[in-house]
Each structure stands twice: as C-alpha cells, then as structure tokens.
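Numbering (the numbering used here), first residue to last: 802 to 1256.
A hint or two may mislead.
With a cut-off of at most 30 Å between alpha-carbon atoms, the simulated BS3-like pairs for lysine-lysine come out as follows [what the hints assert, rightly or not]:
no., residue 1, residue 2
1, Lys985, Lys1249
2, Lys1164, Lys1106
3, Lys1105, Lys1253
4, Lys969, Lys1106
5, Lys972, Lys993
6, Lys969, Lys993
7, Lys972, Lys987
8, Lys1105, Lys969
9, Lys1164, Lys1249
10, Lys969, Lys1253
11, Lys972, Lys1106
12, Lys969, Lys987
13, Lys1249, Lys1105
14, Lys1249, Lys969
15, Lys1105, Lys972
16, Lys1253, Lys1106
17, Lys972, Lys985
Simulated DEER-style distance windows between Cβ atoms [stated by the list, open to error]:
no., residue 1, residue 2, range
18, Tyr1227, Ala1143, 19 to 25 Å
19, Asp1055, Asp936, 27 to 33 Å
20, His1128, Glu971, 35 to 41 Å
21, Pro955, Tyr1227, 43 to 49 Å
22, Lys1249, Ser1144, 22 to 28 Å
To be clear, the hints were calculated from the coordinates, so they are not data collected in a lab. Note that the coordinates shown come from a computational prediction; the quantities given were computed from them, not determined experimentally. For each residue, glycine too, the CB sits at the ideal point set by N, CA and C.
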Amino acid sequence: MRTWMMWVTAGAMCLMADSLAAAEPLRLAVFNVDATPAVGTPVAYAPVRQVLDPLFARGVVLLGNEPPIVLCAVDWIGIGNGGHDAWRQGLAEAAGTTPDRVSVHTLHQHDGPRCDFTAEALLAEQGLGGRLQDDALCRRVISSAADAIRQAIPQAQPITHVGVGQAKVEKVASNRRVLGPDGKVKITRWSKTTDPAAIAAPEGLIDPYLKLVSFWNDDQPLAALTYYATHPQSYYGQGDVTSEFIGLARAARDAALPGVLHVHFNGAGGNVTAGKYNDGSEPMRPVLAERMQAGMRGAWEALKKTPVSAADVTWNTAQVQLPLAEHLDPERSRTTLHNPQASVQERQAAANDLAFLQRQEAKQPVDVGLLRIGPAWIVHMPGELFVEYQLAAQAMRPDDFVCMAAYGDYGPGYIGTEIAYTQGGYETSARASNVAPSVEGVLMNALKTLLKPTE
802 MRTWMMWVTA GAMCLMADSL AAAEPLRLAV FNVDATPAVG TPVAYAPVRQ VLDPLFARGV
862 VLLGNEPPIV LCAVDWIGIG NGGHDAWRQG LAEAAGTTPD RVSVHTLHQH DGPRCDFTAE
922 ALLAEQGLGG RLQDDALCRR VISSAADAIR QAIPQAQPIT HVGVGQAKVE KVASNRRVLG
982 PDGKVKITRW SKTTDPAAIA APEGLIDPYL KLVSFWNDDQ PLAALTYYAT HPQSYYGQGD
1042 VTSEFIGLAR AARDAALPGV LHVHFNGAGG NVTAGKYNDG SEPMRPVLAE RMQAGMRGAW
1102 EALKKTPVSA ADVTWNTAQV QLPLAEHLDP ERSRTTLHNP QASVQERQAA ANDLAFLQRQ
1162 EAKQPVDVGL LRIGPAWIVH MPGELFVEYQ LAAQAMRPDD FVCMAAYGDY GPGYIGTEIA
1222 YTQGGYETSA RASNVAPSVE GVLMNALKTL LKPTE
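Build out the structure end to end from the sequences listed, making use of the hints.
In structure tokens form, the structure reads like this:
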C-alpha cells in the first residue's frame, strides 16, 4: 500500500509540475541597434563613401518554458565562420541561453559590411587586416545587440496570440539562372539587368509570396517577422551604404505601425534577384521598395490570429556536416594567402576559403534550426541558399504555414541543388560555392528530420 501511495504521490507531483510549466507565460522581448559603418571603413566592394540610410541589427527573444530563443537579422552582406560563432555566443550570453538557440542571419545588402573573424585573423597575419572588414564595428555591434537584449528582457511583454499571413509580391523576384535548350545556364540575370534577352525571359522558379508572423498581447501587436526570397539589390558597389529596397520597405512598415518592430529575413534567395524588373537606375530603388511594402502590407492585412502559450513553442536543431567542394585545397589557399605577389582580392578569397576549410576540418557542424510557434513553422538555414530548398520545405508540410530564413552562417557561400552544379553558371562555380553537389542530400535530410509529421 505504501509503495502504491508513493507512486500516486510522485505521479501527482509530475502532473503538477507539468501544469505549472504549461502555465509559464510566453513573453517577447525586442531589440534594435544601429549597425551602420563609418565613412572610409570597408563594406562589401568598396570603402564607405556615404551613408544613404542607416543599417540595423534587430530581432526578438522568445521567453517561456525552455531556455530563451533569439532570432536576429542584420543589414550586412554576410556573417560567417568565426564571426557567426561570435554573434551567436554574444547574444546567447546576453539572453541567458545557449548558442544553439540563437539564429543570426543577414539580409545580404551589397553595400553592407562583412563579418568573419576567422578570415580576418588570417589576413591580419599577412599585414592585410582591415581591408576586408572593420573588426571594431563588428565587435561593437555584437556588444550593442547583447546590451539591448539585456535591457529588453526585463520589459518583455506577454504573447497571447500569433498571427500569420501571406501576400504575393508583384514584379520583384526573378530567377537569375536562365537555362538554354541544352539544360545549361545560358543567361545569368544579375540584380541589375539591361540585357533585353534577360529581361524578356520568364520569371523562372521563385517563391512569389511574402510570409509574415506577428506576435500579439491580446489586441496589441508587438512585432512582425517577414520572409521573402530574393537578393535585395537595386544598384550597389560604390560604397553608398543603404539598407536597400527591402530595408526601405521595412522602415515604411515601422512608420505605418508605430511601436511594432518589423524584422525582415531574407529567404532562400541565392538564385533569385530583381533583375527582370530592375535596370539598376536610381529611380528603381523606391519603386522596388514600394512593391515590397505592398507585399508586407498585404500579408499584414491577411493575417489570422491564433491563441498561443509557452507550451506551443518548440525549438529543434539538426547539426550537419556540409560536404566540401572539390576545388578547395588548403595548401593552394595557404600559398596564395602568403604570396605578396598575388592580388589583395586573391588573398582575401584564399582567406575566406581557409576559414571555411578550418571549420570543416575541425568537424564543427552547421546548425539547421526550426522554430515552431502555434501555426508557424520557421526554418533557419545557412549560406546563400537556392530557392528550391524553401519550396521543398513548404511541400513537406503543405497544410502548415512554413517560412524560411537563409543567409545564416555565410561560410559555405552559395548552396545550390545537386543538378545546378552540372548546369554551369556563377552561383555553383569555384568562385562562389564552397560545398559539393551532395550538399542537397544533406540539407534535404535535415529538413525532413525537422519537418517530419508529428505523431
């Protein structure tokens, strides 16, 4: 009898603990810090000559039953290798969580900074420090974002509902790889295009929908996360810093909904640009921004709210080893890096390759993350990912609301599909991609694991 009573008491305590855990309130903290480089410092393709509009690192922290979850989007071209590790570690410490529960992405603006502390250290050893990135800026913004998180968590607001909605974006995205009759890339449709054949070619494979996930405290909206797959460039390359048409659209939504933080994530837009609809002229930037804003507004107006609690939030990761591209050769890269007769650009490329090689040789995995909150399934991916991965993820759960954020760890560069590596084109060339064609199987298996039907 006594043993039976002990089991009953233990069972009751477990039920009580589960009940208390389920009753833990779900809360949201938001942060938004300046990430703008100074005039004269390096950005993607040239030193900064002027700042047209500011850059930001903004995001949310979800607080509930489990350790906090941090989602962050930065207006930079890429954050990779040791830079990505430092961002995740810094934000994790600030939020009181672990780095595997922190997802950091860039929007990939081409007049934005880079951040890769591994590559920068290799260059600094050769007297080339400060040419590729501004270490002081990178560390300052990480510190600022961490401080902002620490200040935001005590003011976190309850989340009672999640809203989801989507809308079609008109005349922005087009696939950049136009294939010829032989199945090979015939035309590369860059972000800005004046080639009549490239303009006349069909849009090709894209995801035309912008998706939106919003957080609410009863009838009060707190934040909106948006997802859309395309390169965000209208014109670039002269050091004129801008958040580009995607950032201008985001700012317009900030103004339309005061007090609601808008955080945009670039989807799997590695092989998608605005090239069909953008000639690279200055007047096109606000036109593209208005088209994006219309999509964001349409998704907001279409949203449907669902009650949620902390029990409705899960975070899972799949750790993967990305297969190395055959062209990567550590000895050749070291020789180039150490060769004073090689161009600065060649030595920078060698440092980038070595940074990724060191990570892979150390068997350091890449995380693929999945946030499920109420009706929303949000996948977090590395690299400059092809849109096929985004469409595949949606097809794995056709009855659910699936979003994708790519441009996480930038170390792999472009990540194509297996067949794309047989088709030619810039994106799968040795210059652009550090992974082998078998990467598709690795990442698709990770998606299947994370998005598998619930029992």
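Now for the hints, and whether the structure bears them out:
no., hint, verdict
1, Lys985 <-> Lys1249, "holds (29 Å)"
2, Lys1164 <-> Lys1106, "violated (42 Å)"
3, Lys1105 <-> Lys1253, "holds (24 Å)"
4, Lys969 <-> Lys1106, "holds (20 Å)"
5, Lys972 <-> Lys993, "holds (14 Å)"
6, Lys969 <-> Lys993, "holds (22 Å)"
7, Lys972 <-> Lys987, "holds (22 Å)"
8, Lys1105 <-> Lys969, "holds (16 Å)"
9, Lys1164 <-> Lys1249, "holds (22 Å)"
10, Lys969 <-> Lys1253, "holds (27 Å)"
11, Lys972 <-> Lys1106, "holds (29 Å)"
12, Lys969 <-> Lys987, "holds (28 Å)"
13, Lys1249 <-> Lys1105, "holds (27 Å)"
14, Lys1249 <-> Lys969, "holds (26 Å)"
15, Lys1105 <-> Lys972, "holds (26 Å)"
16, Lys1253 <-> Lys1106, "holds (24 Å)"
17, Lys972 <-> Lys985, "holds (25 Å)"
18, Tyr1227 <-> Ala1143: 19 to 25 Å, "holds (22 Å)"
19, Asp1055 <-> Asp936: 27 to 33 Å, "holds (30 Å)"
20, His1128 <-> Glu971: 35 to 41 Å, "holds (39 Å)"
21, Pro955 <-> Tyr1227: 43 to 49 Å, "holds (48 Å)"
22, Lys1249 <-> Ser1144: 22 to 28 Å, "violated (43 Å)"
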